[in-house]
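Going down the list, the sequences are from chains A and B. Count the first sequence with my numbering and you get residues 2 to 118, in order. Count the second sequence with my numbering and you get residues -3 to 104, in order.
Please keep in mind that the hints were generated in silico from the structure rather than gathered at the bench. On a predicted model such as this, the values are computed, not experimentally measured, just so you know. You may find that some hints are simply not true.
[Unchecked claim] Residues on chain B that point at chain A, a partial pick, calculated with CB under 8 Å:
no., residue
1, His30
2, His45
3, Ser49
[Unchecked claim] Ranges between beta-carbon positions, derived for each pair:
no., chain 1, residue 1, chain 2, residue 2, range
4, A, Lys42, B, Asp27, 22 to 32 Å
5, B, Glu12, A, Lys21, 18 to 28 Å
6, B, Thr26, A, Thr116, 39 to 49 Å
7, B, Glu62, A, Gly17, 31 to 41 Å
8, A, Ser44, B, Ser21, 17 to 27 Å
9, B, Thr75, A, Gly54, 20 to 30 Å
10, B, Thr68, A, Val4, 23 to 33 Å
11, A, Thr83, B, Asn91, 23 to 33 Å
12, B, Glu7, A, Leu69, 22 to 32 Å
13, B, Thr48, A, Gly17, 32 to 42 Å
14, A, Glu64, B, Glu41, 28 to 38 Å
[Unchecked claim] DSSO-like cross-link-like pairs, simulated, lysine-lysine; straight-line CA separation at most 30 Å:
no., chain 1, residue 1, chain 2, residue 2
15, A, Lys65, A, Lys21
16, A, Lys43, A, Lys67
17, B, Lys(-1), A, Lys56
18, A, Lys65, A, Lys42
19, A, Lys42, B, Lys(-1)
20, A, Lys15, A, Lys43
21, B, Lys65, A, Lys43
22, A, Lys15, A, Lys67
23, A, Lys42, A, Lys67
24, B, Lys(-1), A, Lys43
25, A, Lys21, A, Lys56
26, B, Lys(-1), A, Lys65
27, A, Lys15, A, Lys56
28, A, Lys56, A, Lys43
29, A, Lys42, B, Lys65
30, A, Lys21, A, Lys67
31, A, Lys21, A, Lys43
32, A, Lys43, A, Lys65
33, B, Lys(-1), B, Lys65
34, A, Lys15, A, Lys42
35, A, Lys67, B, Lys(-1)
By construction, the Cβ of each residue, glycine as well, lies at the ideal position given by its N, Cα and C atoms.
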Amino acid sequence: GAVVSQHPSRVICKSGTSVKIECRSLDFQATTMFWYRQFPKKSLMLMATSNEGSKATYEQGVEKDKFLINHASLTLSTLTVTSAHPEDSSFYICSASYPRQGSYEQYFGPGTRLTVT
Amino acid sequence: DAKTTQPNSMESNEEEPVHLPCNHSTISGTDYIHWYRQLPSQGPEYVIHGLTSNVNNRMASLAIAEDRKSSTLILHRATLRDAAVYYCIQGGANNLFFGTGTRLTVIP
Chain A
2 GAVVSQHPSR VICKSGTSVK IECRSLDFQA TTMFWYRQFP KKSLMLMATS NEGSKATYEQ
62 GVEKDKFLIN HASLTLSTLT VTSAHPEDSS FYICSASYPR QGSYEQYFGP GTRLTVT
Chain B
-3 DAKTTQPNSM ESNEEEPVHL PCNHSTISGT DYIHWYRQLP SQGPEYVIHG LTSNVNNRMA
57 SLAIAEDRKS STLILHRATL RDAAVYYCIQ GGANNLFFGT GTRLTVIP
């Protein structure tokens, strides 16, 4: 099956610093990638949809200037959490749509656990 | 926003079938029904999806009610590795809005 990786898997940063999370589709080209956030014992919340070569579409309530998304190639999307605060501590997960006509499967990365101290 | 409702938790004995229900009473004619599952500290995994007809794959079966307002995910023989949170999602291929899901416990 299609594989999506994320890096890093865990990161601890100090309040006020920025953190970049990478999401890669390893064996397919993904024109669309998605970013989710998940708090402990909660469900996934869609943050934004990232299309290769264009600006990301953010869900309501998600600050685009705080969560910078770049999708510069068909295999890489990045999420940068700027000026991180402790309340940004969460599990961040990306996914990619498989580019086969009629395919409705999304492939998820293993997630990145961010802790802001 | 999540539009489906599922029981918070279910239990099953190992090697027995499991039927996970989902209500999606607001589903539109073009919405698909997707099922994903998530093991602890991992990203979700695609299980199955369908539109109107029942679907089978190597992981599970999906039974969709005739009025499409509900569906049931069927695991034919639960194993310990099937213990996870199962999410039922209505919508298109993109923009999956996850609800709270059903936490499946498999009892050895």
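Status of the hints after comparison with the structure:
1. His30: Check passed: Cβ of histidine 30(B) comes within 7 Å of chain A, closer than 8 Å.
2. His45: 5 Å, holds
3. Ser49: Nearest chain A Cβ about 14 Å off; hint violated.
4. Lys42(A) x Asp27(B): 22 to 32 Å: Given range 22 to 32 Å: holds, Cβ gap about 28 Å.
5. Glu12(B) x Lys21(A): 18 to 28 Å: 46 Å, violated
6. Thr26(B) x Thr116(A): 39 to 49 Å: 41 Å, holds
7. Glu62(B) x Gly17(A): 31 to 41 Å: 56 Å, violated
8. Ser44(A) x Ser21(B): 17 to 27 Å: 19 Å, holds
9. Thr75(B) x Gly54(A): 20 to 30 Å: 43 Å, violated
10. Thr68(B) x Val4(A): 23 to 33 Å: Distance hint for threonine 68(B), valine 4(A) holds at roughly 30 Å.
11. Thr83(A) x Asn91(B): 23 to 33 Å: 24 Å, holds
12. Glu7(B) x Leu69(A): 22 to 32 Å: Distance hint for glutamate 7(B), leucine 69(A) is violated at roughly 43 Å.
13. Thr48(B) x Gly17(A): 32 to 42 Å: 52 Å, violated
14. Glu64(A) x Glu41(B): 28 to 38 Å: 29 Å, holds
15. Lys65(A) x Lys21(A): Roughly 14 Å separates the two Cα atoms, so the pair holds.
16. Lys43(A) x Lys67(A): Answer holds: lysine 43(A) to lysine 67(A) is near 22 Å, not above 30 Å.
17. Lys(-1)(B) x Lys56(A): 27 Å, holds
18. Lys65(A) x Lys42(A): 25 Å, holds
19. Lys42(A) x Lys(-1)(B): 19 Å, holds
20. Lys15(A) x Lys43(A): It holds: about 24 Å lies between the C-alpha atoms, which stays within 30 Å.
21. Lys65(B) x Lys43(A): 25 Å, holds
22. Lys15(A) x Lys67(A): Cα-Cα ~16 Å, so holds.
23. Lys42(A) x Lys67(A): With Cα atoms ~24 Å apart, lysine 42(A) and lysine 67(A) stay inside 30 Å; holds.
24. Lys(-1)(B) x Lys43(A): Judged against 30 Å, a Cα distance of about 16 Å means the pair holds.
25. Lys21(A) x Lys56(A): Given that 30 Å is the threshold and the Cα spacing comes to 17 Å, the pair holds.
26. Lys(-1)(B) x Lys65(A): 25 Å, holds
27. Lys15(A) x Lys56(A): 28 Å, holds
28. Lys56(A) x Lys43(A): 28 Å, holds
29. Lys42(A) x Lys65(B): Satisfied, since the Cα-Cα distance of roughly 27 Å is no more than 30 Å.
30. Lys21(A) x Lys67(A): Holds, because 12 Å separates the two Cα atoms, which is no more than 30 Å.
31. Lys21(A) x Lys43(A): Measuring from Cα to Cα gives roughly 23 Å; hence the hint holds.
32. Lys43(A) x Lys65(A): Between lysine 43(A) and lysine 65(A) the Cα gap is close to 22 Å, so the pair holds against 30 Å.
33. Lys(-1)(B) x Lys65(B): 11 Å, holds
34. Lys15(A) x Lys42(A): Status holds; Cα separation ~24 Å.
35. Lys67(A) x Lys(-1)(B): Answer holds: lysine 67(A) to lysine -1(B) is near 28 Å, not above 30 Å.
Of the hints listed earlier, those the structure fails to meet are numbers 3, 5, 7, 9, 12, 13, in rising order.
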